[in-house]
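Asker: Going down the list, the protein sequences come from chains Y and B. Counted the way our numbering counts, the first sequence spans residues 1 to 240. Counted the way our numbering counts, the second sequence spans residues 1 to 429.
Don't read these hints as lab results, they were simulated from the structure. Since this is a predicted model, take the numbers as computed values, not measurements. Mixed in with the good hints there might be a few duds.
Here are some of the chain B residues that sit facing chain Y, going by a computed Cβ distance under 7 Å [stated by the list, open to error]:
(1) N226
(2) T228
(3) T231
(4) V235
Backbone N, C-alpha and C fix where the C-beta goes; we use that ideal spot for every residue, glycine too.
Below are the chains, spelled out letter by letter.
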Amino acid sequence: MDNVLVVEGLKKFYGGLEALKGISFEVGRGEIFALIGPNGAGKTTALRIVATLLSPSDGKVSFLGFDLKKQPEKFREKISYLPEEAGAYKNLKGIDYLKFMAKFYAETEKETQEFIERAREIADLGTRLNEKSGTYSKGMTRKLLLGRALMTKPELAILDEPTSGLDVINALEVREIVKRFAKEGISVLLSSHNMLEIEFLSNRVALIDKGKILDTGTPEALKDKHRAKNLEEVFRGALQ
Amino acid sequence: MRKFLNLLQKEIKELITLQLFISLLFTIFLFYFIGQMLKTEIKKAMRVQKIAVLNLDDSAFSQNLIRGLKSANFEPQAVPDQDTEKAVQWTKGTDINLLLVIPPGFGESIEKFENKEIETYSFLRTFSIVGSRSSVIINAVIRAMNEYLSNDYLKKKIPDISPEQLKNPIRSKDFVVVKDRMAEGAAEKIAGFVSSQSIFVPIILMMIIIYASQMVISAIAMEKQNKTLETLLTVPVSRTAIVTAKMVAAAVVGLISAVIYMIGYRYSMGNLMGDVSRAVSSGMGDVIQKLGLAMTTKGYIVLGISLFFAILVALALATILGVLAEDFRAAQSLIMPLIFLVMIPYFLSFFSDPKNLSLPMKIFLYAIPFSHPFLTTQNLLLENYRAVLFGILYMLAFFIVLIIIAARIFSTDRVLTMKLRFGKKKLVI
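This is chain B alone, in the form it adopts within the complex:
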């Protein structure tokens, strides 16, 4: 144990370098900067926005429309000219991004129950989502006006029946059933809410796996490149201790780095999504609880175990790949297969339902050990405990096989003689 701790201490000292600190500090700063920038932009977008209005009608209806804009956080600015082309030119010369043209006879047509077009001109000065937000709002205002006017027509024409009833003679009451639980709510909203709550799991997993694996591969490759491995393999310490110390150190440093990245990510994304997700979750709480779709402490522990085994598998795989690397540069290329093994289940679980995949694809997906933690949250919420247990046991078995291979490689000549030569594309043993 004393010798193992000695090795572990050395490995951690080797990994915690000035470069790592700089990279982490830079990341924290970057996330902080992005967060602040997003916050400012969103505040800007939420502020009262100017809208140029060319009112060629001046009826009570058009005045109502302008009042509606005011209540939707717009500040209408009357265009000095009485011509659409000139109004476009005038608005172009200002910092206003929207022009609304209310045509002559607008109010009269509406009174006669005739369709009448109003024109909106959006001046695209940026292609960002925030930049196009104002045209979305004005469309919502027009929809609301349409709703108000059509209700008004219907009331006048058929005063005995409520416009709501006339427009929607069929109504639906939605229920969602999860296993033996049922609650009132729309399936797509619940599914969207659950996936938004567990979206951070694959991101954390990807970050930790890629970070820790890269550290192990690089650490072994550097030892080979500097020939320190040759010395280390001749000291009186077991080869298993050497391999394990490298993996544990990489896991510790990888975890710390991933946590820092996640805090930064949550902070910046929190600024963007915070208000939206809070609003959604406030209405969803009861339904989620009723359906048992909220993660419990036990659930988080199981998820943690699943993540832990995925990390172990990644580290064992990285150790073997590290042995294949002749030097540090080769190590950087060898991380790619591992990244693909993480990316494939990430995208497959994100964009498709594994249950609906064809059999070969299903086998392929489940054969990749990293698929299981991606599916754990979903399986836990749907009470597919067998699938969760199978995933954990599969990863454990995979890890044991890999660690046996790694220990065998380290206890034979292969640790020094095995290398993947990219030029010749063959394994030299």
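Bound-form chain Y, shown alone:
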């Protein structure tokens, strides 16, 4: 499997606080790679750096051969980022929001329409797309944003807690969508503290705590290694 993203010795300082202490991992094409760990472990910081929102204090991040520090704009052309608990523009209709975002990636009007159609299919909001997003429930907003994140078929989708705050049904739908798009060749880097979700979704997992990666591997391999029934037990074992 060829790697689309390679992270090496990534460090991030916030003033005197070292949020990431030299983490390394890679994401292969069509792979779902998850960072799991408790709150404050450094998952979101790592994702924000790859998404070009934060600059690394040290280490190297390369995506499709491009260096993050030198060519962040190349990253932005091919990635898509879904922040945790993000919202849409409340005064824009769902369809207008999708159109607005699609125009940044599409070269032609036809391509814009293609992106919108794909997002419409993913979001599955029917006629509600013609209403302002301020009237949407949390689940509807999340699906709209997931549609936006995947509509361009990015080389790498960065999803921060993709099912955060969703009910069981909506969370299941979102997981199915992510899995389906990964099968179509989209690489996914996601974070979650929901171990069961990660086990269901991910091809490979990195256990992260206090800015350090404790262990990396497939869920099955990690369970075998730590003689655990599930990832929660794996994580507890790794911490010990």
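Assemble the complex: chain Y is given as a structure, and chain B must be docked to it using the hints.
Answerer: Structure of chain B alone, referenced to chain Y:
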């Protein structure tokens, strides 16, 4: 450019909300209502007004005085009683606001060249300017009567010399010099006229700056609060385009709102001041033209440029302040320093002459970029073109520095990590 227009379209759509329309409609209605109310009140005040008169004299002089009242738009109503106290009580029971008591022997005293007091009682039923207007008029009538009587005395006593000459042996002929131009006229009247003509400039400026800045600060704070900014910063569009689109959209919507406010303001104030200012300007036209104190088209263009740069500075400053705001509520507090920066030069230029300020105050005033458009009209009329040019260049330099800071903030982590925490009162980066 396509991506920038996409951003701009979104920003304008975000700003033009139902709330904005309601607020603008409400303002237009409010101004219309105030205008109509003022118009009606002024008409009422201009109408013939009743005045109660207790004439205890009944001489030719007192009859003359009453005739004078009639010509000053009063309708004298004779009080039925012949006693001042009763006359006060009687008037209190009516809707008449003024009582004039002419004492016995009024005409006789005047004939003997003795001072005689007449009494006026004003019944204050409202503290408005319009409500106290009638007592001002009656004083003017009495002044006119005094003028007439004193002229009459003088004519009788010294028939060879005109009373005008006797009362004013020294006369002055006033000239005003502005740069190399000179015209006959009183300095205070000309200064008053010029300031009344340019009074709308600081008001427009204040409105646009406060409106547009508030929009930018709120727009950025809302993007941070809803986490839409995080998404926007990861799309393939330059950070400068994101910042510029926000500023341009706020400037456009701010300008439209300010124009609507100004039309409303002019309408309501026009109803109040219209007749007065027309009367003043009709007599002043020639003098103003002679002194070159009328704003030319070129002058208005320069003033427009000055205003434009002030708006740009305000928007750039608002953008930086918006980044500091953690959420919408914090954004509302952060607009305050900007408002103060506009208010300080507004009041300083309104109530004092910047040239007479102490050096530290002068430096302070000129260091505030918003001071310059406030002073532009005055500098243009006085042909201080250097000061105008300096102001524009200073604002341009200020804007460039601010935009570099804003673009740097937007292209680094600081756009997400920099915030002003009011609880801890420190900048967290």
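Asker: Next, verify each hint and record whether it holds.
Answerer: Do the hints match the structure? See the list:
Here the hint on N226(B) is kept, as its CB sits about 4 Å from the closest CB of chain Y, short of 7 Å. Among the interface hints, the one on T228(B) holds; its C-beta lies about 6 Å from the nearest C-beta in chain Y, closer than the 7 Å criterion. Proximity of T231(B) to chain Y holds as hinted, the smallest CB-CB distance being about 6 Å (cut-off 7 Å). Satisfaction of the interface hint for V235(B) is found here, the shortest Cβ-Cβ separation to chain Y being roughly 4 Å, below the 7 Å cut-off.
No hint from the list above goes unmet by this structure.
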